[in-house]
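Student: The primary structure of each chain is shown beneath.
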Amino acid sequence: MLPFLLGGSAIMMQDNSSERILVNGRLIEKLAAHGAITAKAREYALNALCPRLNWGLWIARLLSTVGVALILSGIVYFFAFNWAKISPAIKLGSLELAMFACLIAAYASGLQRCLSGRLLLLSASALVGVLLAVFGQVYQTGADAYQLFMMWAILIIPWTIISEFTALWLLWLGVVNTFIILWWTQTSIISQRVDYTLFSWLIIFNCVFLGLREYASGIVRWIGDRYSRLVLVIAILIYALIPLIAVILEEQGRSLSMRIGALLALGVHAGFYGVFRFKRPDMPSLAAIFLSACIVVEVAIGKAAADIFPRSGGTTYLIVGPTTLGVFTLAVYQLRCIGKTLESHHG
Amino acid sequence: MANEGKLLTVEDLVRGLEQEGLLAPAGRQAIEACFSDAGENDLPLYLRALVGVGAFVACACFVGFLSVTHLINFDGSGDLIVLGLFCVIAAIAADFLCRHPGSVIAQSFIVQVSFCFMMLGKFLFVMGVAWLFKYQEGWGITIGALLITVATYPIYRVSLDRCLSPLFTLASVFFNLISPLHGHGLNPVLINLFIIVQVVLAGFLFMNGRMRRMIVPIAYALAFSICIAIVFVDFGLMSSAQASHFDTHIINAALVIALITLIARLAGSAKESSKEPLLAASLLVVLIGLVSAAGVILSICFMVLGYGIRERPLLLLGTLLLPVFLVGFYYNLDLNLMAKSGALTGAGVLLLGARSYMGWRKLDRAVQS
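Quick note, the sequences are listed as chains W and S, same order. Using my numbering, read the first sequence as starting at 1 and increasing by one per residue. Using my numbering, read the second sequence as starting at 1 and increasing by one per residue.
Please note: incorrect hints may appear among the correct ones.
[As the list claims (entries may be wrong)] Label pairs and their in silico Cβ distance ranges:
hint: 1; chain 1: S; residue 1: Leu-290; chain 2: W; residue 2: Gln-186; range: 55 to 61 Å
hint: 2; chain 1: W; residue 1: Leu-97; chain 2: S; residue 2: Asn-332; range: 28 to 34 Å
hint: 3; chain 1: W; residue 1: Gln-186; chain 2: S; residue 2: Leu-279; range: 55 to 61 Å
hint: 4; chain 1: S; residue 1: Ala-280; chain 2: W; residue 2: Thr-185; range: 53 to 59 Å
hint: 5; chain 1: S; residue 1: His-100; chain 2: W; residue 2: Thr-185; range: 54 to 60 Å
hint: 6; chain 1: S; residue 1: Phe-175; chain 2: W; residue 2: Leu-249; range: 34 to 40 Å
hint: 7; chain 1: S; residue 1: Phe-204; chain 2: W; residue 2: Leu-249; range: 49 to 55 Å
Because the hints were derived from the structure by calculation, they are not lab data. Owing to the predicted nature of the structure, the values given are computational and were not obtained by experimental measurement. All C-beta atoms in this analysis are idealised placements derived from N, C-alpha and C, irrespective of residue type, glycine included.
Between the sequences and the hints, there should be enough to build the whole structure, so can you do that?
Tutor: And the structure:
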């Protein structure tokens with residue numbers, strides 16, 4: 001029997017070897033709460049785990065971040081107040097000036113080791129979108145919104161590539177996703193046959209980038225953070241849920257695109273499970289997958305119960321309630337087992 | 001909390017404590033004995049979230065079932081109270097069952113069932129008690145919630161329930177205080193007092209290094225309750241009758257004092273501060289309190305507290321709330337855009353000035369351990 005400890009980062013092996021158990025803050029608090037260590041020992045342990053609180057450094061960073069954010073907001077309010085009075089040249093010129101200032105500052109700071117340099121490049125990339133919007137407003141180009149996002153995405157590709165910054169990649173992906181959605185809704189002639197094709201495209205596009213991310217993470221050092229993976233997984237699962245739920249709820253109007261989207265979604269769930277369970281084990285991603293699967297199962301069971309007992313809402317509730325408990329229990333149980341297995345492999 | 005900084009094993013920790021003379025002779029055994037206790041509170045956060053979602057959905061289904069089938073009279077307090085208590089007792093019994101060793105799947109199922117029944121039982125009980133207080137259902141809800149929370153808190157170990165139940169009670173008190181149905185003259189006083197008492201209590205519970213883990217959920221419930229109250233105060237969500245009598249300066253002053261006290265205790269205990277930085281920080285806090293909103297000061301309190309006592313959820317809460325309250329504050333300022341621009345820029349310059357001061361005094365350097 002392997003006792004499972006809070007936080008998921010410590011586990012006792014069968015031989016109870018304390019040489020293999022890693023300490024974290026929660027474990028220290030637990031030891032203190034149980035009286036196993038004194039308050040002084042707790043303080044010592046926390047300092048050993050996370051070296052001295054650097055108040056000065058932390059407060060300095062906080063003051064810089066909030067101060068800069070407030071000044072930028074003040075500038076935005078200034079422009080908002082004077083917008084009607086500002087000439088087009090100044091509107092466009094000031095944005096271009098701000099963008100170039102960010103770029104020069106990013107160059108001066110450097111991108112490799114300095115976070116501020118990458119943040120400045122991110123700011124410059126965001127300003128490109130603002131510049132395009134103002135350009136469209138000033139010159140009344142009549143361009144559709146999807147064209148703005150398309151140009152924005154194209155223009156910031158070089159910066160995104162050289163930035164080596166996950167946040168900028170996520171911004172770029174967000175812009176591209178928005179472009180795809182707007183292009184689909186604004187230009188495509190959507191018949192019932194193809195109404196759910198959008199979700200299939202979004203799933204495929206984002207899966208490609210997730211695959212690239214996973215492939216590159218083994219080679220490129222800066223793609224190490226897990227939050228980018230989780231963001232992509234959650235986004236893809238949301239896109240996958242829509243055709244899946246639609247195909248369950250629609251009785252007669254199941255278009256071909258809906259069925260294809262649903263099949264693709266099932267494949268995504270299965271594929272993600274395989275990858276994040278065996279190839280690239282990751283508990284948060286697995287938890288998201290299981291939650292998504294639970295939602296699908298719940299909808300299916302609810303729909304089936306409502307169909308079988310159309311005039312008996314009480315029976316429907318009576319079936320769905322305990323079934324929910326069972327479904328989520330299985331999900332939690334499976335995740336706990338997987339977690340234990342993964343930790344025993346890594347311990 | 002995930003591991004921060006370097007990797008440290010239990011053996012390293014024990015050896016270090018022994019070398020420093022901080023470990024009692026039986027300390028090693030006491031540490032190892034702690035590892036054998038496994039239960040709901042040992043589930044990672046994402047699993048607890050999954051348990052919570054499942055239990056909530058199931059609870060909603062059972063309420064729907066009871067409502068649709070008219071098995072109980074939702075207008076009668078007796079049925080609701082009795083059934084509610086029955087469900088609560090069943091939940092506690094299930095929780096006790098969980099504590100005995102058994103198969104993991106059975107334990108997972110029982111935890112879910114237990115939490116579901118506890119939510120259902122509390123909902124029915126509170127509704128039943130509320131019906132007893134005709135024309136004062138709001139306070140009936142508060143009393144019902146308080147009774148059931150006090151009764152179940154020592155016994156029922158699920159941390160999510162231990163946080164949500166007191167939070168619901170505190171929130172119901174606040175909503176009753178701001179309700180236009182109640183008195184008009186006294187309530188601003190009561191609201192201020194209520195918020196201040198929560199601030200003091202939350203500060204005490206979080207700062208008490210010996211606080212037992214059993215009390216931690218209450219501390220978080222207080223923190224969330226204060227957030228709810230400050231959102232209503234800062235975003236002007238109270239009725240116009242209440243808002244016209246309400247003076248936010250008292251709460252601002254209380255939060256400023258709380259923040260200065262926090263800085264003095266936390267930064268002082270780390271032995272990195274001298275009088276001058278502490279005075280400078282206090283002056284800056286007072287200035288922020290004069291020109292800013294209560295929510296901004298509250299967010300900074302959470303961030304300082306979370307950083308000082310290494311409670312990441314608090315630090316994250318403060319970090320997420322700060323932009324929300326800043327945006328809300330400036331959006332609701334009764335000034336034109338130009339004046340707002342000046343206020344924002346001025347505040348930003350003030351903070352960057354403080355930052356420059358720290359750089360000039362070399363207070364922004366990392367301390368090597």
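Student: Each of the hints needs a verdict: does it hold here or not?
Tutor: Going through the hints against the structure:
1. Checked against the hint of 55 to 61 Å, the C-beta distance between Leu-290 of chain S and Gln-186 of chain W comes to roughly 50 Å, which is inconsistent with it.
2. Here the CB-CB span from Leu-97 of chain W to Asn-332 of chain S is close to 31 Å, well matched to the stated 28 to 34 Å.
3. Between Gln-186 of chain W and Leu-279 of chain S the C-beta distance comes to about 59 Å, which sits within the given range of 55 to 61 Å.
4. Here the CB-CB span from Ala-280 of chain S to Thr-185 of chain W is close to 54 Å, well matched to the stated 53 to 59 Å.
5. The given range of 54 to 60 Å is respected by His-100 of chain S and Thr-185 of chain W, whose C-beta atoms sit roughly 56 Å from each other.
6. Checked against the given bound of 34 to 40 Å, the beta carbons of Phe-175 of chain S and Leu-249 of chain W, roughly 36 Å apart, stay inside it.
7. For the pair Phe-204 of chain S and Leu-249 of chain W, the supplied restraint of 49 to 55 Å holds, since their beta-carbon distance comes to about 51 Å.
Comparing the model with each numbered hint stated earlier shows that hint 1 is the single one that does not hold.
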